[in-house]
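Chains A and B, in that order, give the protein sequences.
If you read the first sequence in my numbering, its first letter stands for residue 5, the second for the next number, and so on.
If you read the second sequence in my numbering, its first letter stands for residue 4, the second for the next number, and so on.
The hints are simulated quantities; they were obtained by calculation from the structure and are not laboratory data.
A hint or two may mislead.
Said to hold, decoys possible - FRET-style restraints, in silico, Cβ to Cβ: (1) B:V233 / A:K146: 40 to 50 Å; (2) A:S182 / B:A52: 25 to 35 Å; (3) B:F228 / A:D129: 49 to 59 Å; (4) A:D147 / B:S177: 44 to 54 Å.
What the hints assert, rightly or not - Here are some of the chain B residues that sit facing chain A, going by a computed Cβ distance under 7 Å: (5) L13; (6) L26; (7) R28; (8) K33; (9) T36; (10) T37; (11) N124; (12) Q125; (13) T126; (14) V129; (15) V132; (16) T133; (17) V301.
Note that beta-carbon positions come from the ideal geometry of N, C-alpha and C, so glycine has one too.
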Amino acid sequence: MVVLLAVVVIGGLVWLMRLKRGGARADRARTDGGGPGLPDRPFGGRRVSPALMSQGRIEVRGLTKEYRGVRAVDDLSFTVEPGRVTGFLGPNGAGKTTTLRMLLDLVEPTAGTATIGGIRYADLDQPIRRVGAVLEAGAAHKDRTGRDHLRIVCLSAGIPLARADEVLELVGLGVAASRTFRGYSLGMRQRLGVAAALLGDPQVLILDEPANGLDPEGIRWMRDLLRTLAAQGRTVLVSSHLLGEMAQLADDLVIVAAGRLAAQGTVASVIGSMTWLSRTLVRTPELEKLAAVLGGDAVVTPAGDGGAYIAGADAIAIGDAALRAGVAIHQLVTQLPDLEGAFLELTAGKAAIR
Amino acid sequence: MTALLDSAALDQADGTGTTLARLLRAEFMKLRTTSAGWLFLTGFIVFTAMALTINGFGNYSLLHPEQGLVSAAQALAQTAQARSPAGVATMAASMMTSGQLFGVLFALLLGVVIVTSEFANQTAAVTFVTVPRRVTVIRAKVAAAACCGALFWLAGTVMAAVATPLFLYSQHVSASLAGWTVTRSVLLNLLAFVAWGVFGLALGAVLRSQMGAVVAAIVVYAGSFGAILVFTALYNLFHQGWMLGAPVIAPAVASEVMTTSGQAFPHAPPGWVGGVIMIGYTVALVAGGIALTKRRDVI
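With the hints as constraints, model all of the structure from the sequences given.
Here you go:
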C-alpha cells in the first residue's frame, strides 16, 4: 500500500516538474524573442510562389448540407485565392456559417467537398499551422483569462506558450491578457478570436462575421489587419452581411442567397456583370422624340434636372437612335449599380428564414 | 510554409510529444484555469473530512458499546469481535475508504463538467478546430477524467491514511494498513473513483447539455439505490430468488457491490459481478460518446 502511494506521489511530482519545465522554456522564449512584427515585414509587391498559391487555395465543390429536409447549403461551388481578401456575403441565414463550418470539418456535408490546398481540413498535418479560424466572438470560458485561453490552444497544438503573449500584443490585447473573458467587451472578444486564429501563423484565415460588435476604430483596425495579411500572400476569407464594410475591404466576392451561389468574382466584375441593372443618364432637349424612337423596351424615368434615366437600352443603342432621329445629345453616361444594389438584387426574395 | 509573422516562439515550436499527451496537458490546464475543478476538489476534501469524523464515531461506538442498548454479554461479544484482528482490519478498511459512497459523486460530476463545459461555453468548436481528430480529443478527456478520479481518491486516501492510524492508536488497537483487507478496499476504491469519473465524462459526451447531464448523473447515481426497493417489492410479489440479487444491474449498486468487502446488501452477488457490470456500463458509455462525437456536427 505504502509502495503504491509512493509510486503515485512520485509520478505526480515528475508530471508537475515536466509542466514547470515547459513553462520555463516558454518564458525563455518570451524573453529571447523580439516583437510580434506583423507590420514590420510589409509584403506589398512580394510575389507569392506557385507552391504557396496552391497550398492556400480554398476550393468548395458541390457543397450541400441538409437539415431535416431543408437545404441550408445547396450545391455550392466557389474558389478562394491566396493573396486576396474574399468577402463571403449573404443575408442572415443564407448558409454562410454552415459553409465555413463544413470547411473546418465541424459540420459534415450531406454532399460535396471543401478543401484547403486540395486537402480536407481534418486531413491537414498540424491544421492550425495552416489555417486560422475565427468562428464566434463568445467562444471562450467566461472565468478564464485571455492569455490562458490562448495558452490552452498552444498546448493542444504543440506551439510554445510564449506565442500567446505575442499574438495578444499583435491584436492590442496585451494589457488585458490577465483579465477574465467575462470582463471583455464584444470588440475585445473579437480581437481575442483573431489572436487565436493567428497563433499558428497560418497561410489561410477564415473569419465568420469578425466585424460584428466592433466600433468604427475597431472596424478600421480589422480592415487594416486583414488587408495586411492578404498583402503578405495569405488567403483571407471573411463572411459578412455588412455591405459597406465589404466594399472597402474585399478584392473578391462570393455572394450566397438561400444556400446557393448568387455571384462570384472580383468586386468590379460582380457589379459589372449586372448590366441589366445598369441604366444610362441622358440629357437632351427632345426627350419625348428620343423615347419614341427607342421603342417599347426602353423605360424612361425623369432624373429631375432636365435629364432622364433610360433602362432597357445601352448607351450605344441610345446614341444610334438619337442619330437616326436627329436628336441632339448633351450628355450620355452609363451608370453601373453599386455593391449594395447588386447585392440586394442578387439576394432579393430569398428570405432568410427557410 | 515559411513563417510570415516574425515569431521567436514559433521558431521554437517543436511539436514533440504525441497529440494525446499534448491534449491531456491542455485538459489539465483547462481544469487549473477555471474554478469548477478547484470547487469540486475543495468540496470533496470537506466531505471526506466529515465522512472520516462520522466513521470514527461509528467505529468508536463499535469498540465501546453503550450499556443499556445491548446486554452486557452482547457488549462483551461485540467488543471482542471489533477488537479481533479481522474486526480491526475491517474497521481500518472502512476508515481508509471513508465517504466513498457519495465521494465518487464528485468525480462523476467533474467528469460531466469536463466535457459539457466545452459546449456550455462554446469552446467545443475551438477545441475541435485546433485538433480535428475527435476520437483523440475524447480519449484525452477520458484520460483527464480518470486522472481526476484518481486525484480525488489520492486526496481522500491520504487524509484517511493520516486519520486512521491516529484513531486506531487512540483506541489502543492496531492493524497493518498494508494488510490485504485494507489494500484490497483501497485499490477497489481507486477503481470506483476512476470508473465514475470516466462514466461522468462519457455521459456528458453523449448528452452535451451541462444541466441535462448533471441532472442525469445524479438521477442515475441516486436512482440506482431505488433498484433495491423495486426488486425487493418484486420479490415479495413473485418470490423469484434471482430478484434479490438483481439490483446489481443499477450502476451505483454495482459499484457498491464491487467495493464492499462483505455483502453490500442481503443476497448481493459477489464483488467481481459488480465490477464487471460497472466497468461494462462505463466502457459502453465511452463507446457511445465517441461514436456520437465522431458523427455529430459541432454547431
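Find the hints from earlier in the document that the structure breaks and name them by number, from lowest to highest.
none
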